[in-house]
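Student: Sequence:
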Amino acid sequence: MDESNTLKDVIIPSIIMAVIFIGNTLILLIILHYRKKLDLSKCKKGKDKVADETELSDLRMIG
Numbered sequence: 019m020d021e022s023n024t025l026k027d028v029i030i031p032s033i034i035m036a037v038i039f040i041g042n043t044l045i046l047l048i049i050l051h052y053r054k055k056l057d058l059s060k061c062k063k064g065k066d067k068v069a070d071e072t073e074l075s076d077l078r079m080i081g
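Last residue of the sequence shown: 81 in my numbering, with the numbers rising by one and none dropped.
Where hints are given, some of them may not hold.
Heads up, simulated SDA-like pairs for lysine to any residue below, C-alpha to C-alpha not over 20 Å straight-line [as the list claims (entries may be wrong)]:
id : residue 1 : residue 2
1  : Lys54     : Thr43
2  : Lys54     : Asn42
3  : Lys26     : Val37
4  : Lys26     : Ile38
Restraint-style ranges between C-beta atoms, simulated for each label pair [what the hints assert, rightly or not]:
id : residue 1 : residue 2 : range
5  : Leu50     : Val28     : 29 to 37 Å
6  : Ser22     : Ile49     : 33 to 41 Å
7  : Lys55     : Lys26     : 37 to 45 Å
8  : Leu25     : Lys55     : 38 to 46 Å
9  : Asp57     : Met35     : 30 to 38 Å
Simulated from the structure, these hints should not be mistaken for lab results.
C-beta: ideal position from N, C-alpha, C; glycine also.
Required output: the full structure, derived from the provided sequences and hints.
Tutor: Now the structure itself:
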């Protein structure tokens with residue numbers, strides 16, 4: 019009986035937390051990867067890091 023409780027109370031939650039942690043890490047890495055890609059594409063087009071008025075108005079509409 020004790021082994022069953024250990025499995026249910028300790029091992030399964032540990033596995034679930036590990037899966038969630040790894041999933042969140044992968045999502046973060048994907049976001050950072052595409053953010054770098056977007057920054058590089060803006061630099062290739064010759065855009066500055068400073069946002070122009072249209073970008074600011076778009077951000078105001080979203081927020």
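Student: All hints, please: hold or fail.
Tutor: We went through each hint and held it up to the structure:
no., hint, verdict
1, Lys54 - Thr43, "holds (17 Å)"
2, Lys54 - Asn42, "holds (18 Å)"
3, Lys26 - Val37, "holds (16 Å)"
4, Lys26 - Ile38, "holds (18 Å)"
5, Leu50 - Val28: 29 to 37 Å, "holds (33 Å)"
6, Ser22 - Ile49: 33 to 41 Å, "holds (40 Å)"
7, Lys55 - Lys26: 37 to 45 Å, "holds (44 Å)"
8, Leu25 - Lys55: 38 to 46 Å, "holds (43 Å)"
9, Asp57 - Met35: 30 to 38 Å, "holds (33 Å)"
The structure agrees with every numbered hint stated previously.
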